[in-house]
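Novice: Chain order of the listed sequences is A and B.
Using the working numbering, you'd call the opening residue of the first sequence number 1 and step up by one each time.
Using the working numbering, you'd call the opening residue of the second sequence number 191 and step up by one each time.
Just so you know, not all the hints are guaranteed correct.
Said to hold, decoys possible - If we take Cβ atoms under 7 Å as the criterion, some of the chain A residues that face chain B in the derived model are: (1) Val137; (2) Arg140; (3) Leu156; (4) Arg164; (5) Gln174; (6) Lys175; (7) Phe179; (8) Ser183.
What the hints assert, rightly or not - Derived CB-CB ranges, DEER-like: (9) Asp123(A) - Ala678(B): 53 to 59 Å; (10) Glu220(B) - Asp31(A): 24 to 30 Å; (11) His9(A) - Arg216(B): 51 to 57 Å; (12) Arg242(B) - His9(A): 18 to 24 Å; (13) Arg772(B) - Asp123(A): 17 to 23 Å; (14) Leu470(B) - Asp31(A): 17 to 23 Å; (15) Leu470(B) - Asp123(A): 35 to 41 Å; (16) Glu166(A) - Arg216(B): 25 to 31 Å; (17) His9(A) - Ala312(B): 33 to 39 Å; (18) Lys531(B) - Asp31(A): 54 to 60 Å; (19) Asp123(A) - Ala312(B): 30 to 36 Å; (20) Arg472(B) - Asp31(A): 44 to 50 Å.
Since the hints were made in silico from the structure, they are not lab data.
Backbone N, C-alpha and C fix where the C-beta goes; we use that ideal spot for every residue, glycine too.
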Amino acid sequence: MNDSADITHWLDAARGGDREALDRVLAALYDELHSMARRQLAGQQEQTLDATALVHEAYLKLVGSANAQFGDRAHFFAYAATAMRSVVVDHVRQRLAVKRGGDLERVTDLPEEAEGAIRLDEDLLALDRALDRLAAVDPRLAQVVELRYFGGLSELEIAALQDRSERSIRRDWQKARMFLLASLDDDQAA
Amino acid sequence: MDAARWQRLSPHLDALLELPAPARTRRLDEIAGDDAELAAELARMLALESGRDDFLAQPLVVPRALREGSEVGPYRLEALLGEGGMGQVWRASRADGLYQRRVALKLLRPGLADRSLRLRFAREREILARLAHPHIAGLLDAGLSAEGVPYLALEYVEGEPITRYWQRLDVPLPARLRMFRQVCEAVTHAHANLVVHCDLKPSNILVTADGQVRLLDFGIAKLLDGATPRDATRTGARAFTLHYAAPEQIRGGPVTTMTDVYSLGVVLYELLTGLKPYRLKRQSDAEWEEAILAHDPVRPSQMLMRQSELKADRLERQGLRRRARRLQGDLDNIVLRTLCKAPEQRYPSVEALSQDLQRHLDGQPVHARPLSPLYRLQKYVRRQRWAIAATLAALTVLGLAVGAVVWQSREAVEEAQRAQAMRGFVVGLFEQAGDTPDGRALDLRALLDGAMARGDRELARQPRAQAELLGVIARLRMGLGDDREAKALLDRQSALMAGQASLPAGLQLDAAALRGEVLRRLGDTPGCIRTMSPLAPLASRERGHLPMAVAEFQSQLGRCLRADGDLAYARRLFEQALALRREVRAPGASIAEIESRLDLAALLADAGQAGAALDGYRAARARLDVEAGPRHPLHVDIGRQVAALHRRLGHPGRAEQVLIDTLVAAQEMHGAQHPVTLDVRRELAGVLIEQSRFRDAAVPLRRRHAALSARHGPMHPALFESHLSLAHVEWQLARMPAATGAAQAAVAIARRDGDGSRMAAAMLMHARILHDAGRDIDARVMLHDARAARVAQVGAAHPQIAEIDHALGEVDAALGHPGAVARLQRAVHFLETGYGRRDPRTDAARLALAHQQAAHGDAGGRRALAAIAARAGRTFEPQPLSWRAAAYLLAMRCHGGERARSLRRLARLHAAVQRAQPDGGATEREIARVLDQCRRAHDPFMPTGTL
């Protein structure tokens, strides 16, 4: 793809507020993560998507360990988490489409698999929607979720990234869960 | 959750999350003071978050992918065997090399909102843990891996689907059937543990390399007594395989043990023909569904015949035709029965199916008939028929009528399945009993004992299932009249249930109702009320769900209350039971309704509203005729109640007629030995005695005695009362040796049992006989002995002492001992206080007292005698006491100028008494004696005796 220097450069620019640079970074990340994910998935029947590992791999690949500063790394992961979320959601959407529209015969042959997996996929999409809603009212909370759930960062790492106390991250995490749970409950009731 | 709401809540949440728990609660209270709604919402949010630890707890995927070589718990994964909705199944072996054994490791897939999957997983574990059978792939281990992945380690079975095995090796028919029966054994074991497989198919029935059959994958099996979480199937995905599914599964209805019967039927069909039961034009799901729901399966033999038509090769054709002929008849019928659309028309249990196959293999007639279930009843031992049919009917009704709730509710399904499972067991038992020759009641009891022993063995770890079984067998015992044995079983059931939490309501109510009934039949109505009353609130709550079980509970409790005298409460319960039973639309509910009407009619009789009661009885009998025909055990109940009413109204003749008819019916339906028949006999005897037809009464008494003797032995406690009644009747008939013998037997039984009350009663009888025979000295000794012994037990004021005193008084008077009057006065006093003024025993003592007083010249005594004598004119009933009083009065005028007239009147009195007591009797004899004395008084050369 592009070499490490470019990415770091774009990261810097994005951090500085350059929208175009941000788009580029995200696009690059998305591409990279997407193909890595595909490779991982092609291997077995079970779709184990190891997001954390992928993000780490992507980081190593795109940025390289040599000239990374901690600040860069944190930002990278923040963007990577967002990109990861897109990768996963898109992938799940596609899978659902296959299952739903596809051969009915196949469904009846392996009913258990379809049932559980579909539920998993639909749940993920619902979470995605709820996250969007959360981002609309409280973007900071939504980002904590992205970082932790899709990016695999720990609370300590997030605290460092956002320059806040671990405790306040914890609180954000709790509130975010409340919002999401309530939101998902409302979905179900509807 | 919208933006505005969140804006309101967010700052508060910030603050609350900062606080430790007690401070948080205080703060919430403070907020509640201002705005309760806000506080409630905040509390709800906090609870939401704290209650869902698992939500988003882990980053999006398993931190480490599972691969060959990965370790899960003590196991190392070797190869992925398959994928399920719940997770993966791997072949694995122990990582520490401890055992060489291979396992199938079932892993729970992690996910976002996993609770229901976790529950399912836990349930599967619970199901598997119950089942230990050589033909079921067993659960070896279960646990949690280091990453927190739950796993189940199952016996690893390498084999091929049974149908393929048969085909590949061209296994001959008898061997196939033998293997099939092994499968049936395994399924029966599961059913006995109240587990239904729900997904039986060849790929779940494997045959290993050494020809062993193994049942797999109870993954979607249903527990009949566990908490079954709602299985919401989404987007049309099914949890079972279509081709082997039963109609009720496709319709989404409650699944029972009969569902497994159907699935096995399809496998059996393949066993016989190599094909599936339905021929379709297009192999689509929709067509299959329709076929299973609505088309008749093709007869196996016919299927093969059709195949033979398609073969070009003549030898092949002949081969197929030969096989088709082999299947015609029994095997055809057996298979078709298992594939009936309506579950209740199939074999009631897998065991029954297996046994029919065995019968076929043994060359015996099979039970499969392509006809109605009632046909089965005709095969049975005649006398046990009703005992078992009644139980069956009760269970069927309980099973079918689960009331006005959404029928897929968990509780409804559970209750239906409970009853189904037990019903299947009963009918299975029944079919076995059908082979024994007529009249061998003991065989069925042995069968029940055997079933109980089997239940103890197989269900040792399933106290709930054992409790169910105990209930069913107790019910059957009661149907046979073995009330004591039934009570023992119910005591065991009680003990088992006491140790269990959260039992199904239906089981609790059934158990209580049975227990109450048996206690009442054994004479312990207070015990019945004590047992049942605590459950009355539960019954009330379950009215909507379990109308029949609640109605039965209420009826039984009502009957005990009626026996105890609380008529108002009994009435309320009977009315409620009637209302419930009227609502239910199921066979057998209408019979239950008639029972309720009978209960109410009996209450009317108790309340003295004889006319209304008789109307009620008549109506009940008419409806019973319509619903069940003239031969139904309930007719016996109706007959007995009507007869009791007639007796109470003073029409012993009518009562007699009814009782004779009832006795015939009871004899035919229950047999001579059954307690109900014996009770009817006793009641008939009682009615005859009332009419002083002692000779006639002796007949049913003796027959009853013989039946009891044959059953228990002549000196069994159950025979005490029979001996006593016989003694009384023989005495009336002046057959003194027989009377004495019976009385002595009664005394012996009572003495051996240490029963003071009974002993006193028996000795009293004996003494009376002696007195009548003129052996007053012997009588006196006996009475003194009896008195002394009894006083030591109950004190001198007890009415039974007074009865003895009465007899002593008469004996003393006969012997000319002084103090007879005083003794009789004492007797009357304590009889009045003990039994009441109107009691016949008090009356008899009063007569004796009046007689003695008059004999001593007491005018009061004479007046009393006259009063007693006057009663005879008022009713049609025989009045032995009045006749005697009249005789005594006349005897006192048997001298001088009045003598001739007195003699004439005495003679007329005697003649009237003879007409009233054609068989003779103690009274008649007494009056004859008085008459004789009067006659002799005429002759100066005859000694005048004292009166």
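Novice: Determine for every hint whether it applies to the structure shown.
Specialist: Against the structure, the hints:
no.	hint	in the structure
1	Val137	holds, 4 Å
2	Arg140	violated, 11 Å
3	Leu156	violated, 14 Å
4	Arg164	violated, 13 Å
5	Gln174	holds, 5 Å
6	Lys175	holds, 6 Å
7	Phe179	holds, 6 Å
8	Ser183	holds, 5 Å
9	Asp123(A) - Ala678(B): 53 to 59 Å	holds, 55 Å
10	Glu220(B) - Asp31(A): 24 to 30 Å	violated, 54 Å
11	His9(A) - Arg216(B): 51 to 57 Å	holds, 55 Å
12	Arg242(B) - His9(A): 18 to 24 Å	violated, 43 Å
13	Arg772(B) - Asp123(A): 17 to 23 Å	violated, 48 Å
14	Leu470(B) - Asp31(A): 17 to 23 Å	violated, 50 Å
15	Leu470(B) - Asp123(A): 35 to 41 Å	holds, 37 Å
16	Glu166(A) - Arg216(B): 25 to 31 Å	holds, 26 Å
17	His9(A) - Ala312(B): 33 to 39 Å	violated, 53 Å
18	Lys531(B) - Asp31(A): 54 to 60 Å	holds, 58 Å
19	Asp123(A) - Ala312(B): 30 to 36 Å	violated, 20 Å
20	Arg472(B) - Asp31(A): 44 to 50 Å	holds, 46 Å
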